[in-house]
Amino acid sequence: DQQVKQNSPSLSVQEGRISILNCDYTNSMFDYFLWYKKYPAEGPTFLISISSIKDKNEDGRFTVFLNKSAKHLSLHIVPSQPGDSAVYFCAASARSSSNTGKLIFGQGTTLQVKP
Amino acid sequence: GAVVSQHPSWVICKSGTSVKIECRSLDFQATTMFWYRQFPKQSLMLMATSNEGSKATYEQGVEKDKFLINHASLTLSTLTVTSAHPEDSSFYICSARDPGIGLAGQETQYFGPGTRLLVL
Chain V
1 DQQVKQNSPS LSVQEGRISI LNCDYTNSMF DYFLWYKKYP AEGPTFLISI
51 SSIKDKNEDG RFTVFLNKSA KHLSLHIVPS QPGDSAVYFC AASARSSSNT
101 GKLIFGQGTT LQVKP
Chain U
1 GAVVSQHPSW VICKSGTSVK IECRSLDFQA TTMFWYRQFP KQSLMLMATS
51 NEGSKATYEQ GVEKDKFLIN HASLTLSTLT VTSAHPEDSS FYICSARDPG
101 IGLAGQETQY FGPGTRLLVL
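Chains as they are written, first to last, in the working numbering: chain V, 1 to 115; chain U, 1 to 120.
Check before you lean on any hint, since a few could be wrong.
[Unchecked claim] Derived CB-CB ranges, DEER-like:
#1 Gly61(U) to Glu15(V): 39 to 49 Å
#2 Asn67(V) to Asp65(U): 41 to 51 Å
#3 Ser18(U) to Asp55(V): 41 to 51 Å
#4 Gln81(V) to Ser18(U): 26 to 36 Å
Note that these hints are calculated values from the structure, not bench results. Built from N, CA and C at the ideal position, the CB exists for glycine as well.
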């Protein structure tokens, strides 16, 4: 049961253009969403997050959009740079009585930014 | 962001031996840490939630007697792979929540660099 899905395994973008990475979820209890960037043989690096009370959060070149009705979020990177080439994971969590903050990850999208 | 370290970064061991991996939060105290496993070209799979001062919570399908977790202090959690077999070879990653930022249950998790385990 894949609760968080990244349906595009890979994406190739020209340097300077916009990269749009998509993520869908099925659990309506999710209320906090995060994007991580990961290089091979390294741990994920936190990029940006968004709470369900918002529909947009921006941090420099990175913007995350949340569409709760569609259970969809996206990460926009603009302008894209070759150093952005990595695997991007979206993750979601749901507040509960246990408050564990457990994250559910998508499968990841490999972004390649071409010079 | 907060810094989480892992040690060792890679380890090769013989089948049947035990391997301990350490996860430390360097600049914050973490009452909760998480252990993940990643197979090549796959997503991160949560193995267990490590709680300081209490027993770990294991995900379905994860053998608690094989993957021993100890959260001895607010900055250290250890994962011990007991009686390792070649199928345990994987990339193990820990993360820690920084409770100082965000709403309860919405704290950002910061990840360690990972440990590559190869069991021969």
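Verification of the supplied hints:
A beta carbon spacing of about 42 Å between Gly61(U) and Glu15(V) agrees with the range 39 to 49 Å that was offered as a hint. One distance hint, 41 to 51 Å for the beta-carbon pair Asn67(V) and Asp65(U), holds here, with the actual separation near 43 Å. For Ser18(U) and Asp55(V), the Cβ-Cβ distance of about 48 Å falls inside the hinted range of 41 to 51 Å, so the restraint holds. Our hint of 26 to 36 Å for Gln81(V) and Ser18(U) is violated, since their Cβ atoms are close to 43 Å apart.
Hint 4 from the earlier list is the only one contradicted by this structure; the remaining hints agree with it.
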